[in-house]
Amino acid sequence: MNANGLSRLGAVVAIGVLGFLPMARLPAFYDSFLYLVFFWVSLSTSWALLSGFAGYFSLGHAAFFGVGVYVTADLTTKFGWPFLATLPVAAALPALLALGVGAIVFRLRRLRGELFALLTLSVTFVIATIILNTPIDGGGGIFMSAVPLPNLMPTPTGTIYLLGFILCVASLGIAWKVVHSRLGMGLFAIHDDEDVAEAKGVPTLRYKLIAFALSAAIAGAVGGVHAMYVGFITVSGTFELTVPLYVVLMSVLGGARSWFGPAIGAAAITALLYAFISGGEAMVGRAIVGVILIAAILWLPDGFVPAVKQWLAKRRRATPPPAIAEVAPVMPAIKPVSDKVLLEVRGATKRFGGLQALGGVDLDVREGEILGLVGPNGSGKTTLINVVSGFYPLTSGSVKVDGIEIGNLPAHQIARRGVARTYQIPRPFVNMTVLENVVLAATFGMEHSSPFKWGGGSVIRDGGVMSDTFDAAHDPSVGVRRRHLPRRRGRSASEIRDEALHWIGFTGLAGKEEALPAALNLHERKFLELARALAAKPRLLLLDEVLSGLNPAEVDNAIRLVRAIRAQGATIVFVEHLMRAVVELSDRVAVLNEGKLFALGAPREVMRDPRVVSIYLGKAYAA
Amino acid sequence: MVDRVGAWRRRRVLAGMMGGAATLAAPGLLRAAPSGKPVRVGGTLSLTGFLAQTAMLHKIASEIMIEEINGRNGLLGRPVEYVLLDDQSKPEVARSLYEKLITVDKVDLIQGPYATAPILAAMGVAQRYGKVMIQSSMGIPKLQTYDRAFPATPFGSEPDVTYPNVILDAMATFPAPPKSMVILTSKFPSAQFMALGMKAQAEKRGVKVPLYLEYESGNRDFGAIAARIKEANADFLWVGSLGLESNLLLEALRKLDYKPKNHFHLYPAPGPLAVSADGDKALCSTFIEPDEPFMSRPGMKRIAAEYKEKAAKANLPYPTIDAQACGMVAEWQILEAAVNGAGSLEDEKIAAWLRKNRVDTIYGKARFDGPYNHGDAAQLIKQVQNKEWKVVWPKELAAPGVKLIAS
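From first to last, the protein sequence lines stand for chains A and B. Convert by adding 742 to the 1-based position in the first sequence; the result is the number in our numbering. Convert by adding 270 to the 1-based position in the second sequence; the result is the number in our numbering.
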């Protein structure tokens, strides 16, 4: 049995042993203490699903937990429901509440970050006020001593323990499943850069809603069980601020981006809170707990689990890498520029309040061509890229790709129709490795058939030397990660990974697979942008000043790479200020000025046009 | 002879001195110091968290009472050891710690925690293990459904009926008895419970209630509420407040140039309201104050003095013994009487003894044979006079020379 199998067997045995622990008739305190550990593990893990994974920092977890508490309290005491029958409702109502809140706030870009935290906190206050001022509670509290508890275990405490344990296992199972799925990958991308995630094909709104609903449902179910544990429910006790604060603290301490991190944090903090319970040392104990937590956060800013993972990764790197299979290179698929129009822009207008950035642009891009898009600053080049890629919705006009209107589609749907883009200032997912960045693009990229072929091709190597074949020499940990990559419809995880490795090699980043973007220089980050765009197998590639900031040798290197990309069959629109590159690369050049198409034609002819020279170049590029 | 006489005289003097010494030492000699294995009494208090400030009073009272009990004969001749844990003001922690006390620490007896929610959480545990639990701070007697739970504070079984009538009786003695009453209350369960009772009883006795308002516990902004109170301009203001809420409300009323004609406050922080200029003539609920006739109750003077010393040492802002601390004193007095009276540490016997007997406590005689094991109600009214709280009602328990003053 390999290590993976052993760990699975260990998990099954641990679940079995812990599940039947109350049968051992230990003193009830141990059942209770472990229940409270499970309670906090479930709550902190559920918080991490949205806030840790997607970075939407919520201070409103008490709202969902509290709704669950009151669902169970009211249904059992006022309507006579059996306790267990209330739990599905205790989970469902908070999930619906989260969907309702999320459906509004997730659409608004300005409600990210601290505003989202404050908004969720205010949701807690609103819910608490409603419950306090209606017969749901009314202010007198709900006493549940008369509610019968099912005899799932020999003792009532054992039954509560078992329910807490089931929810804990379910929470961890859900978190594990999310992390190892497309959903998890999308959420991590949202965490790092939501706009880029959307542009790479991640359905951000849907994913956030799913994560929010899952998070709220778990919190609600946990609340339902906890109502029985506490016995006397009050609004002030249920919706107190310490619930979200503890949950945040536990998740951050353990590692909020890890499926298991919040559990570690929750177990550690719960144990610490019980370490100093003696009446003589209560205050000193609290102070010691505070100091320990501050120290842990200072020393382990990303949390305990990520720190351990990093340490293990360093140990692994010390061992020689095993033999790695050679990745199949790309087959050149050079096709002549066809007459078929791939991108058709008609009357594209974009206004920002009183400012008109695009004033009715008409532009056709033919399949297989490279179109250079130039113009003075503020002429609308990047806005056009943003409109075509879906970052901005059109004010009026139309944008069609292959005859299909995409002008007002969400960015992720445009990406899935084969439109990929890069950013002038690279915007990698900073907490993902190079490989994970590219895998994400490969996972969420174009859904339909691609012009890209496998089999052989050219590779950019260090120093810009072209070679005909390459292998993907990479860190052994890449092999470990392989089995954790999510499967995409129609392609296995390892196929996606191999494609990603191929594009990493294609852009000359082989050997950097496990590096975080912060460890790359500007040149490499630009190429990572390209690798991500290529991994999406685009039909139309939008390059936004991909050459800016590069030195002459790097520019030459990049020009060769763009040609190699076109050789795979992609159609390219690139915004560029470097005229040498524009002339060398472009089949045609379009000049924008004041949001309108000013000139269009062969590069050298356009560059000689005195009108273009006067508005933009200042002098003729080529005599 | 002279010598003999002198010798006789010396013997008489010596005998007299020895006799005198023996007489002085007699109580100590007759009272055997407790010995043997300690009787372990477990309990939690909210020593940290939002209830910590009030729980500290209970802790000091407990320390005094354990010294008192051990200075007498302990429990069944054995010394008392108090196993005190911190429930962090959280009912769920209180529950787990009572399970720890009973199933892991295996204490002989338990004492109740502070505040309604932790008490109810602990009561469920006590019930599962059949432990007697005496508590002093649960303001809603009907929730005490466990037959071995006993109250140390004389709320009576229906304080929402009895206490409003104490207030209405006192109001009736005013030169111009109030005909209307504004009732304002925190939505804290025990305060709201009393407010609803006050409203019902006032209306029953023909006092109009033109305004009944509830606010969230811990509210800090009383501006809008004050405006409505001023507008209602009733003869009497009844406030179901906790902590500093009364101070904040009176300050908000002052900003509107409105002084309520007569005002009553349920559970305010005693010190800040007494010393505030707004608090002058404020009425409040109590069970006991450090004045006569209460100071003449057995042990009260000594306990009050010890409390003052310990509270000052602990830097408490109001180091005078009050009803909160006396509740804990009564808890220990009841436990001591019940264990020694039953002659047993068995909970069943202790509970049976309590149901059949009366106990002398700092609050007076307590009985436990009424509904929810509650006995007679003994809630009083105190009033701020010259920046001090003085019991003013009923008249027979008023501090010497002090009368209820209508505004």
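Think of the hints as simulated: they come from the structure by calculation, not from any bench. Warning: the hint list may mix true and false statements.
To be verified - Okay, the calculated bits of chain B under chain A, using three or more residues with CB under 8 Å as the criterion: (1) 315-326; (2) 379-391; (3) 430-438.
All C-beta atoms in this analysis are idealised placements derived from N, C-alpha and C, irrespective of residue type, glycine included.
So which of those numbered hints doesn't the model satisfy? Per hint list: single violation, 3.
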